[in-house]
Amino acid sequence: MNNKVRDFLFENKVVLLFLSITLFAFWASGLSTVVFFSELFTRFGRNTFMVLALLIPVIAGLGLNFGIVVGAMAAQISMFLVILWGGDGVSGIFSVALLATPIAIVLGYLVGRLFNSMKGSEMIGGMVTSLFADGFYQFLFLFVFGGIIPIAYARLMTSTGVGVLNAIDLGDMRQALDNISMFHILNVSFFVMLAFVALLLIYRLVKKQPIKMFGPTGLIKPLVILGFLLIGYILTWTVTPFLLFTYENRLNGVYASRLVAIIISAVQIYHIIRDIRDEKRPGLPIKRFVILGLVAVGFLVTLLPEISNGLAHVRIPVFTYMIIGGLCLFIKWFINTRLGQNMRTIGQDRNVATAAGINVDRTRIIAMIMSTVLAAYGQIIIIQSFGVMTTYGAHMNVGLYAIAALLVGGATVTRASVKHAIIGVLLFHSLFILAPAASTNLMGAALFGEYFRVFAANAVIALALIMHAWKRVKKRKNEKAKATAA
Amino acid sequence: MSQMTAKNEPSTFVKNVKRLVNDFGLPRLIILTLFILLFVMAGIYDMNLPSFFGDVLRRWGMWGILVLAMVPGIQSGIGPNFGVTVGIVGGLVGAVLSINMNHAGVFDFVTNPALHTIVLALVAIAIGLALAIPMGILYGMLLNRVKGSEMAVSVYVGFSVVNLFNILWATFPVTASILILPATGRGLRQMVNLRDDFGGAFDEPLRFAIGDMTIRPGLLIVFFLACFLMYLFTRSRLGMMMSAAGSNPSYARASGINVEKMRVLGTTISTALGAVGIIIYAQSFGFLQLYLAPLMMGFTVVASVLLGGATVRRARVFDVLLGAFLFNGILTIALPLANTMLPDVPGVPEMLRLIITYGIVLYALSKVKGGR
Numbered sequence: 012m013n014n015k016v017r018d019f020l021f022e023n024k025v026v027l028l029f030l031s032i033t034l035f036a037f038w039a040s041g042l043s044t045v046v047f048f049s050e051l052f053t054r055f056g057r058n059t060f061m062v063l064a065l066l067i068p069v070i071a072g073l074g075l076n077f078g079i080v081v082g083a084m085a086a087q088i089s090m091f092l093v094i095l096w097g098g099d100g101v102s103g104i105f106s107v108a109l110l111a112t113p114i115a116i117v118l119g120y121l122v123g124r125l126f127n128s129m130k131g132s133e134m135i136g137g138m139v140t141s142l143f144a145d146g147f148y149q150f151l152f153l154f155v156f157g158g159i160i161p162i163a164y165a166r167l168m169t170s171t172g173v174g175v176l177n178a179i180d181l182g183d184m185r186q187a188l189d190n191i192s193m194f195h196i197l198n199v200s201f202f203v204m205l206a207f208v209a210l211l212l213i214y215r216l217v218k219k220q221p222i223k224m225f226g227p228t229g230l231i232k233p234l235v236i237l238g239f240l241l242i243g244y245i246l247t248w249t250v251t252p253f254l255l256f257t258y259e260n261r262l263n264g265v266y267a268s269r270l271v272a273i274i275i276s277a278v279q280i281y282h283i284i285r286d287i288r289d290e291k292r293p294g295l296p297i298k299r300f301v302i303l304g305l306v307a308v309g310f311l312v313t314l315l316p317e318i319s320n321g322l323a324h325v326r327i328p329v330f331t332y333m334i335i336g337g338l339c340l341f342i343k344w345f346i347n348t349r350l351g352q353n354m355r356t357i358g359q360d361r362n363v364a365t366a367a368g369i370n371v372d373r374t375r376i377i378a379m380i381m382s383t384v385l386a387a388y389g390q391i392i393i394i395q396s397f398g399v400m401t402t403y404g405a406h407m408n409v410g411l412y413a414i415a416a417l418l419v420g421g422a423t424v425t426r427a428s429v430k431h432a433i434i435g436v437l438l439f440h441s442l443f444i445l446a447p448a449a450s451t452n453l454m455g456a457a458l459f460g461e462y463f464r465v466f467a468a469n470a471v472i473a474l475a476l477i478m479h480a481w482k483r484v485k486k487r488k489n490e491k492a493k494a495t496a497a
Numbered sequence: 195m196s197q198m199t200a201k202n203e204p205s206t207f208v209k210n211v212k213r214l215v216n217d218f219g220l221p222r223l224i225i226l227t228l229f230i231l232l233f234v235m236a237g238i239y240d241m242n243l244p245s246f247f248g249d250v251l252r253r254w255g256m257w258g259i260l261v262l263a264m265v266p267g268i269q270s271g272i273g274p275n276f277g278v279t280v281g282i283v284g285g286l287v288g289a290v291l292s293i294n295m296n297h298a299g300v301f302d303f304v305t306n307p308a309l310h311t312i313v314l315a316l317v318a319i320a321i322g323l324a325l326a327i328p329m330g331i332l333y334g335m336l337l338n339r340v341k342g343s344e345m346a347v348s349v350y351v352g353f354s355v356v357n358l359f360n361i362l363w364a365t366f367p368v369t370a371s372i373l374i375l376p377a378t379g380r381g382l383r384q385m386v387n388l389r390d391d392f393g394g395a396f397d398e399p400l401r402f403a404i405g406d407m408t409i410r411p412g413l414l415i416v417f418f419l420a421c422f423l424m425y426l427f428t429r430s431r432l433g434m435m436m437s438a439a440g441s442n443p444s445y446a447r448a449s450g451i452n453v454e455k456m457r458v459l460g461t462t463i464s465t466a467l468g469a470v471g472i473i474i475y476a477q478s479f480g481f482l483q484l485y486l487a488p489l490m491m492g493f494t495v496v497a498s499v500l501l502g503g504a505t506v507r508r509a510r511v512f513d514v515l516l517g518a519f520l521f522n523g524i525l526t527i528a529l530p531l532a533n534t535m536l537p538d539v540p541g542v543p544e545m546l547r548l549i550i551t552y553g554i555v556l557y558a559l560s561k562v563k564g565g566r
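Sequence order for the protein chains is A and B.
The numbering used here puts the first residue of the first sequence at 12, with every later residue one more than the last.
The numbering used here puts the first residue of the second sequence at 195, with every later residue one more than the last.
The following block holds chain A by itself, in its conformation from the complex:
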């Protein structure tokens, strides 16, 4: 037991360190939960997608992808072009994503090729690549736009007509994703699901496959989801308070926390019932009861006046959170696909992977393309959340902060998961919110807090790189010792 506690502390040392710094900063800052929570949930929605974009290269053994900056550039180029061509609102944002995809694929391919020529130095390579690419990015925005390609849209250009302004207002695209109302989400997803089930049925009929209700390819799951969506859809048209509720685009933090509690409990109870019915494991599933207990405790905590007051002022952008949740599910699913498993094998040992017949170089390029495309989407979420695009600056610190957040969540250079990303974003951005306020209270100026958080971001990366290299040296030494002993 003692050993277990020590292992737990050692495994989670970075998380625990940051947790204590954050708690101290919260105490020192004197911020109210109202301010803190609403800021934290905004930042969570803004930044998590970008951090999740880092996971696939880690799995494929490419380490922390400092090259996500290149994906962010793809997003900004597309954003500029879409604004130039008159894109607006939600459709504008989706056009940006559509346009950014091919650009990010090409750039991701190039970076992947480059990384294949410097195996083992991908991280320093990624850092330098992003700075190198910034030179061309500046060339494009300062000279090509307006200098070579004439651009008549004066709102975007500097007074000389050559070069793009440093701050571009997004107009109606500002928070367009964040502002999609639950009503629209419910309606659109109902019809999408309906179409999906219909197509599935037609496909089965055309292919003359048996139509089963249960089993892995059964229709029960899509039908249940469709059923829930249908109930929601009918409710919006019949029950006025429900319609009014869904017509808002943000979800109140209190409702959100209850919704989350209900969903987790429902999933756990479903599993408990299934386990007991199938008699899969002897005895009671203790772990699931523990989770239920934790949910109950968590729910009681939200009833504390401080917390509930804070949550009441939280406005969660529903659609952005849904995209983040979707990406989490996608990554969890992807890891278990054939390609995902290949990536894991490569991440563990390239020689073994080659011996197993995996095309290492090609798979690594695919990982880089996926990461770059996801980073482009992540940058779109960030920019629309701010409502203003800082043409020459918005991409520069994206890599630093995303990577620092992932590491704060307990990830390492070789191991990172969705859990690390979520914990990391919460902790790291808590520190970002609290540090200036805390330093104002403690030292009389917000400046120190701002310096401290940038230092913390850099230091946590330095520490992770050192730990990784250290382990690698030790491992090599052990192997050598074994080889000489044998």
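The hints are simulated quantities; they were obtained by calculation from the structure and are not laboratory data.
Just so it is clear, CB atoms sit at the ideal spot from N, CA and C, and this is done for glycine as well.
Keep in mind that a hint or two might mislead.
[Claimed, not checked] Here are the simulated BS3-like cross-link-like pairs (lysine-lysine), alpha carbons at most 30 Å apart as the crow flies:
| hint | chain 1 | residue 1 | chain 2 | residue 2 |
| --- | --- | --- | --- | --- |
| 1 | A | Lys24 | A | Lys430 |
| 2 | A | Lys130 | B | Lys341 |
| 3 | B | Lys341 | A | Lys488 |
| 4 | A | Lys486 | B | Lys561 |
| 5 | A | Lys298 | B | Lys455 |
| 6 | B | Lys341 | A | Lys486 |
| 7 | A | Lys430 | A | Lys298 |
| 8 | A | Lys488 | A | Lys15 |
| 9 | B | Lys455 | A | Lys482 |
| 10 | B | Lys455 | A | Lys486 |
| 11 | A | Lys491 | B | Lys561 |
| 12 | A | Lys130 | A | Lys430 |
| 13 | A | Lys343 | A | Lys223 |
| 14 | A | Lys130 | B | Lys561 |
| 15 | A | Lys15 | A | Lys430 |
| 16 | A | Lys430 | A | Lys485 |
| 17 | A | Lys24 | A | Lys486 |
| 18 | A | Lys430 | A | Lys232 |
| 19 | A | Lys430 | A | Lys343 |
| 20 | B | Lys455 | A | Lys488 |
| 21 | B | Lys455 | A | Lys491 |
| 22 | B | Lys561 | A | Lys430 |
| 23 | A | Lys130 | A | Lys232 |
| 24 | B | Lys455 | A | Lys130 |
| 25 | A | Lys493 | A | Lys15 |
[Unchecked claim] Ranges between beta-carbon positions, derived for each pair:
| hint | chain 1 | residue 1 | chain 2 | residue 2 | range |
| --- | --- | --- | --- | --- | --- |
| 26 | A | Phe239 | B | Leu486 | 31 to 41 Å |
| 27 | A | Tyr164 | B | Leu486 | 26 to 36 Å |
| 28 | B | Tyr425 | A | Glu490 | 37 to 47 Å |
| 29 | A | Lys482 | B | Leu486 | 28 to 38 Å |
| 30 | B | Pro537 | A | Ala165 | 11 to 21 Å |
| 31 | B | Pro537 | A | Arg355 | 35 to 45 Å |
| 32 | A | Asn408 | B | Pro537 | 29 to 39 Å |
Place chain B on chain A using the hints.
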């Protein structure tokens, strides 16, 4: 010894163009062509070439010692020392303390103004070295534990140190008003004017002009002297041992060289030269730049030495001389030339700097071909 055999015979220059490109290095060829092209363009645009050339010489000396700091690092086997910024901040602390002492009247006994500035600069260097050497030893010991990943680690150690010193600069206990932010009365300025302190300490003595070309022999003498000393060191027994430890660690170990110690030595000399280099840089620039100014300097000097023909495994003093000259030559001429040719585009030299600096580092990295 290996440097000699790596050099190619002049006859291959004529015989085989491909071989030439390979030996000389494609980026160096591009940069050299660009350099000559820029000079020709500057001539065509009827710009003041002698004056530019004087500026190139000045920037050559300004950056020279910082670039020279790469040689011991690469030779001892730690690779390009991106973390030379560790030494740079040490030098900056030395400079700040020296200025503070000067304004407290500590150096009033030196009445000769030229000598006064030199004494100030030397004090700054001495304090800088006193800080940089222990930091370099610790940093070298750290790098011994992360063999194979020195570059990525050194970049982020450098970044962390610069960012940590941000907090220090903002709370530095000094009394001289020239150092302190006037707005808040606390913390150092972003840029400190060195006019009343050691500005031009090595630039001003012996300065003369041929037409529009200003020549600062003092600065160049300091730079060449440092290069000469480094050359002597690399030829010395200790220097040879260090290079052996870097180029072939297992062989060096077998012949009784303490490889770890040699790597710490190389890192420490590199860090110490960073501290000296920033003082030389600042006295020529005329301002002391604090806070985030040194953040990317590591990349600039690494790019310079690579441009001169060094690789991540081998660097000579000659590479420093050539690299620093080419790098600064291009950037010095690019700025006024771009302003004349493309008056509407403000950032051309900056783009050029980014592409050259990081392009050359990237090229060198892609040539490494994973050691394991």
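These are the hints, each one checked on the structure:
{"no.": "1", "hint": "Lys24(A) - Lys430(A)", "result": "16 Å, holds"}
{"no.": "2", "hint": "Lys130(A) - Lys341(B)", "result": "15 Å, holds"}
{"no.": "3", "hint": "Lys341(B) - Lys488(A)", "result": "11 Å, holds"}
{"no.": "4", "hint": "Lys486(A) - Lys561(B)", "result": "26 Å, holds"}
{"no.": "5", "hint": "Lys298(A) - Lys455(B)", "result": "53 Å, violated"}
{"no.": "6", "hint": "Lys341(B) - Lys486(A)", "result": "12 Å, holds"}
{"no.": "7", "hint": "Lys430(A) - Lys298(A)", "result": "18 Å, holds"}
{"no.": "8", "hint": "Lys488(A) - Lys15(A)", "result": "27 Å, holds"}
{"no.": "9", "hint": "Lys455(B) - Lys482(A)", "result": "21 Å, holds"}
{"no.": "10", "hint": "Lys455(B) - Lys486(A)", "result": "22 Å, holds"}
{"no.": "11", "hint": "Lys491(A) - Lys561(B)", "result": "27 Å, holds"}
{"no.": "12", "hint": "Lys130(A) - Lys430(A)", "result": "27 Å, holds"}
{"no.": "13", "hint": "Lys343(A) - Lys223(A)", "result": "26 Å, holds"}
{"no.": "14", "hint": "Lys130(A) - Lys561(B)", "result": "11 Å, holds"}
{"no.": "15", "hint": "Lys15(A) - Lys430(A)", "result": "21 Å, holds"}
{"no.": "16", "hint": "Lys430(A) - Lys485(A)", "result": "28 Å, holds"}
{"no.": "17", "hint": "Lys24(A) - Lys486(A)", "result": "21 Å, holds"}
{"no.": "18", "hint": "Lys430(A) - Lys232(A)", "result": "26 Å, holds"}
{"no.": "19", "hint": "Lys430(A) - Lys343(A)", "result": "11 Å, holds"}
{"no.": "20", "hint": "Lys455(B) - Lys488(A)", "result": "19 Å, holds"}
{"no.": "21", "hint": "Lys455(B) - Lys491(A)", "result": "22 Å, holds"}
{"no.": "22", "hint": "Lys561(B) - Lys430(A)", "result": "37 Å, violated"}
{"no.": "23", "hint": "Lys130(A) - Lys232(A)", "result": "43 Å, violated"}
{"no.": "24", "hint": "Lys455(B) - Lys130(A)", "result": "28 Å, holds"}
{"no.": "25", "hint": "Lys493(A) - Lys15(A)", "result": "28 Å, holds"}
{"no.": "26", "hint": "Phe239(A) - Leu486(B): 31 to 41 Å", "result": "52 Å, violated"}
{"no.": "27", "hint": "Tyr164(A) - Leu486(B): 26 to 36 Å", "result": "34 Å, holds"}
{"no.": "28", "hint": "Tyr425(B) - Glu490(A): 37 to 47 Å", "result": "40 Å, holds"}
{"no.": "29", "hint": "Lys482(A) - Leu486(B): 28 to 38 Å", "result": "31 Å, holds"}
{"no.": "30", "hint": "Pro537(B) - Ala165(A): 11 to 21 Å", "result": "19 Å, holds"}
{"no.": "31", "hint": "Pro537(B) - Arg355(A): 35 to 45 Å", "result": "55 Å, violated"}
{"no.": "32", "hint": "Asn408(A) - Pro537(B): 29 to 39 Å", "result": "31 Å, holds"}
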